[in-house]
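Enquirer: Convert by adding 4 to the 1-based position in the sequence shown; the result is the number in my numbering.
Since the hints were derived computationally from the structure, they do not count as laboratory data. Some clues are possibly wrong.
Label-pair ranges, simulated between beta-carbon atoms [claimed, not checked]:
(1) 140 with 79: 39 to 49 angstroms
(2) 109 with 69: 42 to 52 angstroms
(3) 163 with 82: 34 to 44 angstroms
(4) 99 with 72: 16 to 26 angstroms
(5) 109 with 33: 38 to 48 angstroms
(6) 130 with 74: 29 to 39 angstroms
Predicted model only: the values in this text are computed from it and were never measured. All C-beta atoms in this analysis are idealised placements derived from N, C-alpha and C, irrespective of residue type, glycine included.
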Amino acid sequence: MRTAAGASTAAGVRTTGEVQVWSALPFLLAGPLARIGYLDAIGPALSGVELAEDAPLFAAALAYKVLGGTARGWRRVERDSEAAAAFAGLSSPLDEDRLTAFARQARPALPVLDGVLALSVCRGHDPADPLLLTGADDGLLLLDAQGMFPIAWTTEAAGLLPHWQSCGRPPVLLCAGPLPRAPCATSPPRACRSSPAYGRCAVTRWRGCPGARHCGARRAPHRTCASPRSCPPTPSGARTW
Numbered sequence: 005m006r007t008a009a010g011a012s013t014a015a016g017v018r019t020t021g022e023v024q025v026w027s028a029l030p031f032l033l034a035g036p037l038a039r040i041g042y043l044d045a046i047g048p049a050l051s052g053v054e055l056a057e058d059a060p061l062f063a064a065a066l067a068y069k070v071l072g073g074t075a076r077g078w079r080r081v082e083r084d085s086e087a088a089a090a091f092a093g094l095s096s097p098l099d100e101d102r103l104t105a106f107a108r109q110a111r112p113a114l115p116v117l118d119g120v121l122a123l124s125v126c127r128g129h130d131p132a133d134p135l136l137l138t139g140a141d142d143g144l145l146l147l148d149a150q151g152m153f154p155i156a157w158t159t160e161a162a163g164l165l166p167h168w169q170s171c172g173r174p175p176v177l178l179c180a181g182p183l184p185r186a187p188c189a190t191s192p193p194r195a196c197r198s199s200p201a202y203g204r205c206a207v208t209r210w211r212g213c214p215g216a217r218h219c220g221a222r223r224a225p226h227r228t229c230a231s232p233r234s235c236p237p238t239p240s241g242a243r244t245w
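I would like the entire structure built from these sequences, with the hints used as guidance.
Expert: Here it is in structure tokens:
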């Protein structure tokens with residue numbers, strides 16, 4: 005094995021033995037990720053950026069996602085480092101500098117893996133339930149309303165269309181709040197006419213989503229229309245384009 009910094013870690017890989025960890029969450033997470041194909045996608049994704057040999061580093065980073073938070077934003081407690089190393093098959097915890105260097109190099113591989121997660125959420129979405137659209141980090145964030153699962157983030161609305169189609173073309177609720185000046189967000193009628201989804205995607209402004217903690221999307225008024233102009237009068241508090 006080689007680390008992101010280029011140093012060999014073959015001696016650090018645990019080949020056999022028994023180790024006790026304080027949390028089994030990383031191991032429990034592996035089952036669902038395997039069922040949706042995420043684990044199978046890690047190898048090809050890392051190979052695409054010539055980091056296939058650094059899979060243990062990715063495994064450790066994945067384990068940290070479900071372990072305890074860092075102190076002062078950077079320091080990990082010893083038991084978390086030991087649990088992450090055990091999950092990654094390493095005999096000792098990773099140096100944080102090496103993990104940080106790997107994270108920078110592996111960033112181009114993440115969209116592939118994010119796509120696997122997004123596809124899984126889309127396949128499980130009920131077309132009768134609306135999606136939520138909101139502004140985040142100068143872009144657009146699409147969420148599954150049931151459980152508030154993030155599906156995709158993009159700087160242009162056209163990038164969300166494949167995800168909307170994979171969800172069964174459900175209604176889309178536009179959460180009240182600031183949106184970036186992106187096509188289909190500031191002036192949908194004009195910007196979306198060239199879109200394949202224009203006339204089939206009902207985007208409705210909805211004030212019932214001030215945050216991600218609770219949204220009651222099932223009770224929100226929404227409609228699908230043959231075209232935006234053929235919709236009946238919009239109820240108070242909502243605006244349909």
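Enquirer: In ascending order, which of the hints set out earlier in this document are inconsistent with the structure?
Expert: Hints 1, 2 and 5 are the ones this structure does not satisfy, whereas the remaining hints hold.
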